[in-house]
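S.K.: Heads up: the protein sequence lines correspond to chains A and B, in order.
Numbered per our numbering, the first sequence finishes at 124, counting up by one with no gaps.
Numbered per our numbering, the second sequence finishes at 1564, counting up by one with no gaps.
Hints listed in this document are in silico derivations from the structure and should not be mistaken for laboratory results.
Heads up, a few of these hints could be off.
As the list claims (entries may be wrong) - Restraint-style ranges between C-beta atoms, simulated for each label pair:
id : chain 1 : residue 1 : chain 2 : residue 2 : range
1  : B       : N1342     : A       : N44       : 28 to 36 Å
2  : A       : E37       : B       : V1138     : 26 to 34 Å
3  : B       : D1424     : A       : E92       : 53 to 61 Å
4  : B       : V1138     : A       : Q7        : 29 to 37 Å
5  : A       : E92       : B       : K1249     : 34 to 42 Å
6  : A       : N3        : B       : D1319     : 51 to 59 Å
Every value quoted in this text rests on a predicted model; they were computed, and no experiment measured them.
In this text, a Cβ means the ideal position worked out from N, Cα and C, and glycines have one as well.
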Amino acid sequence: MENMLIQGTKSSPNVEFDAASGKIMMSGSSYPENASEFYHPLLNWIDKYTMEVSKEIKADFGFKYLNSSSVKLISEMVDKLNKLNSAGIPVEINWRCVRGDEDIFDLGEEFKEEVSCKFNIIED
Amino acid sequence: MSDELKNSKILIVDDTPENVEILGEILNGYKKQVALNGERALKLANGESKPDLILLDIMMPGMDGFEVCRRLKENEATRDIPVIFITAKSEVEDETRGLQLGAVDFIPKPISPPVVLARVKNHLELKMARQRLEGQNVELASRNKYITDSINYAKRIQNAILQSEEQLKELLPESMLFFSPKDILSGDFFWFGEVEGRIVFAVVDCTGHGVPGSMMSMVGNTLLNEIVKILKITDPGEILNHLDKRVVKELQKDINTTTFDGMDAAVCTYLPAHKKLLFAGAYRQLYYWQGSELFEIKGSKKSIGDTRKQVEYSSAIVDLETAADIYMFTDGFTDQNDLSDNKFGTIKLKELIAGLRKNSMIEQKEIIKKAFNDHRGSETQRDDVTLLATRLSPEQEIKVFSYKGPLDESKIASLSEELIRDIDGAINLQQADVISKVVRELLKNSCAYSEETVLLEGREFKVGSINVWLSSDSLKITTGNIIDENDFDRINSKISELNMLNEAELNSLKRVKLLTTKESRPQQPGIGFLEILLLAKSQIRVSNSQLNEQKSYIEFTITIETGD
Chain A
1 MENMLIQGTK
11 SSPNVEFDAA
21 SGKIMMSGSS
31 YPENASEFYH
41 PLLNWIDKYT
51 MEVSKEIKAD
61 FGFKYLNSSS
71 VKLISEMVDK
81 LNKLNSAGIP
91 VEINWRCVRG
101 DEDIFDLGEE
111 FKEEVSCKFN
121 IIED
Chain B
1001 MSDELKNSKI
1011 LIVDDTPENV
1021 EILGEILNGY
1031 KKQVALNGER
1041 ALKLANGESK
1051 PDLILLDIMM
1061 PGMDGFEVCR
1071 RLKENEATRD
1081 IPVIFITAKS
1091 EVEDETRGLQ
1101 LGAVDFIPKP
1111 ISPPVVLARV
1121 KNHLELKMAR
1131 QRLEGQNVEL
1141 ASRNKYITDS
1151 INYAKRIQNA
1161 ILQSEEQLKE
1171 LLPESMLFFS
1181 PKDILSGDFF
1191 WFGEVEGRIV
1201 FAVVDCTGHG
1211 VPGSMMSMVG
1221 NTLLNEIVKI
1231 LKITDPGEIL
1241 NHLDKRVVKE
1251 LQKDINTTTF
1261 DGMDAAVCTY
1271 LPAHKKLLFA
1281 GAYRQLYYWQ
1291 GSELFEIKGS
1301 KKSIGDTRKQ
1311 VEYSSAIVDL
1321 ETAADIYMFT
1331 DGFTDQNDLS
1341 DNKFGTIKLK
1351 ELIAGLRKNS
1361 MIEQKEIIKK
1371 AFNDHRGSET
1381 QRDDVTLLAT
1391 RLSPEQEIKV
1401 FSYKGPLDES
1411 KIASLSEELI
1421 RDIDGAINLQ
1431 QADVISKVVR
1441 ELLKNSCAYS
1451 EETVLLEGRE
1461 FKVGSINVWL
1471 SSDSLKITTG
1481 NIIDENDFDR
1491 INSKISELNM
1501 LNEAELNSLK
1511 RVKLLTTKES
1521 RPQQPGIGFL
1531 EILLLAKSQI
1541 RVSNSQLNEQ
1551 KSYIEFTITI
1561 ETGD
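Kindly produce the complete structure, drawing on both the sequences and the hints.
M.R.: Right, here's the structure in full:
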C-alpha cells in the first residue's frame, strides 16, 4: 500500500501517512479553497489502510489553524479513527496545540470527550 | 506543414527580381506577395489582407529596408507583423540597427534554403502562438469581466437584503458593526429585528465564503426572518433549534452527502423591560463586560445543520441591572494570521476589549478595526469577518414603534393594536389598556388638528406621526403633526392648565365637562387630554417648532410607567 505524502502550503496542511508504520501525521494550517476535495483522499486512504493493513494507528495532529469546513472534515477523520478503535484496531491520537491557542485546544477537548480511543492533548 | 502554416502569407520585399524568384521557390508551399520597392511593401502591408511575415531586403533604391521597417513598426496596424531582414550586409552594426528597429531576425546572403525555411517557420509559429495567447487573454479578460460584473451585481442584492449598521443603531443606539467580507460576496451575515419589545440580534458565519457562502447566508437570513418575525420566536436557544431543523430540511435533502453545509451563529435577545439579555450560540461565544470583569459564555459545540450531533440549544441569561458591553463575532476575526502566520487569537481579542471600557462604540469600532488590520498587515484576509458590539444599559430607551402617514378612525385603531402587539412582552394587560387608550386619544387629536393632508384613492387624509420608545421601566409615546399657530396656542395653554391639576381635580373637571357637553356640539379639544392625564398618571409635554407665521410642528410626549 502506498504512503500518502502531501507537502504543506500556506493554506493546506502537511500530510504524512505511512502505511508500514501506521503513523499518520498532519500539521500546519488548513483552509484550502475546497476542503472536501483535499480531505477525501485522506479519508479514503484510512479506509484502504483498514482493509489492507489493519494494524495499529498512531495519529499526530498539530494544527495552527483550521477553517470551519476543515474542522468538519477533521472531525469526520477523528470519528473514523475512533470507530476503527472500537472495531479492534488500536488507535492513539496526539492532538498538539500551541499554548494559549484556545480554539485548537477547545477543539481537542471536544474530540477527547467524544472518542473512546486514546486521545492526548499536548500543549507546546 | 500544418494548414495554419500553409495558409500563412509571406511578403517578399526585394528590388532584384531574381532574388524574389529564388526566395519564392524556397518558400514553396506558402502563400506569397511580392514588392519590388519600399513604398509598394508598405502599401501591401497596410492592405486588406495583411502578410503574416515580411522578408525585407535592406539595400533598395529609394526607401531602404530600415526605413520600411521603421514605418511598419510605427503604424499600429502593421506593428505586429514579424520582419526578417535578408541582406548581403552582415556587419554587426547593421544587425543591431535592424533589431533595434523591431526586426525579429536576420538572414544573411548568400541564402541557405534550409536556414530560410527554418527561420520563417519558427517566426510564423511564434506569431501564431502569440496571436492565440492574445486571443485567450481577450477571452479571459472578457470572461473575468462577465463573472466579476455578475458577482458585483449579486453583491448589490446581498447588500439590499442584509440590513445596515444605521438600521442596527435605530434599534440599539450604542452599537457598532465591523463587517469585512474576504471576497466581494460574504458568507458572514448579521441579522436583527424587534418583536414585541424584544430585540433579537445575531451574527452568523456560513460555511464557505464568496459565492457559495453568500448563497448560504441568504438562506440563513430568510430563515431568521421567518423564525423571528413570522413565528415570533424570540428565545435564542429556540431560534437556533428552529434554524437547525430548517437548515437540515432545506439543504440536506441529499442523504448521501457525507459532509454538511451549515452555519455557526451567535444569537442574543435583549429584553429592555426585564433588564435581561438572553444568549445562545452554535460554535460561537459571547463576551461581555460588566462591572469590572470580562465574562464569556461559550456556545454549544454543534454547528447549525450538523446532523451527526444531537444537541438542543438553550439560552443563557445575563442580568442587566448594570450596564454591559456585548461582543459577538465570527471566527474570521480571531483566526486572521499575521505575516509570521500567528493567529489574532481569542486571548488578544479579550485583551483588546478589556481596554475599551471607556470608549464610545464609535471609537471602539475604529480601535478594533485598526487592531485587526495592523495584525493582518499585508497578509490576505483568511475568512469573512464580522464583529458586532453593543452597549446595553438599564436606562437606555429603545425605539420600538414608528409611523408617519395618513390617519383616520380605522388606521388609528389598527396602529394602537399593532403597537400593543409589538410591545406585548414588556407590559401587562392593564398597562396595555392604558397605552392603547392614550395612543388613540393622541392620534385622534393629530387627526383633528393636522394641517398636512394626503390624497389616497380620491379621499383626503390628515397626516400625523407616532414614535414609541421602551426602557426598562417606562414607555415614551410621542405623536406629532403640523398645526395652525392659533390652535397651537390654545392647545398649549389648555395642556399647561391641565398639567397643574391633581387626580381629584381632573376627575371633577371631567364630570363637569361631561355634564355640559351636549351631543350636538362637537367635542371640545381638551376632553381627550384630560382623559390621557387621568389614564397615564403623568404630565403631557408639549414641544413645537415653528415652520412659518401660520404653522408649527407640534409634538406631544407622554411617559407611562411599565413593569410590575
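S.K.: Now tell me, hint by hint, if it's right for this structure.
M.R.: Status of the hints after comparison with the structure:
1. For the pair N1342(B) and N44(A), the supplied restraint of 28 to 36 Å holds, since their beta-carbon distance comes to about 33 Å.
2. Taking 26 to 34 Å as the suggested C-beta distance range, the pair E37(A) and V1138(B) conforms, at roughly 31 Å.
3. Distance hint check: the CB atoms of D1424(B) and E92(A) are about 57 Å apart, consistent with the given range 53 to 61 Å.
4. Separated by about 36 Å at the C-beta atoms, V1138(B) and Q7(A) satisfy the suggested range of 29 to 37 Å.
5. The supplied range of 34 to 42 Å is met by E92(A) and K1249(B), whose beta-carbon atoms lie about 39 Å from each other.
6. Taking the beta carbon of each, N3(A) and D1319(B) are about 57 Å apart, inside 51 to 59 Å as hinted.
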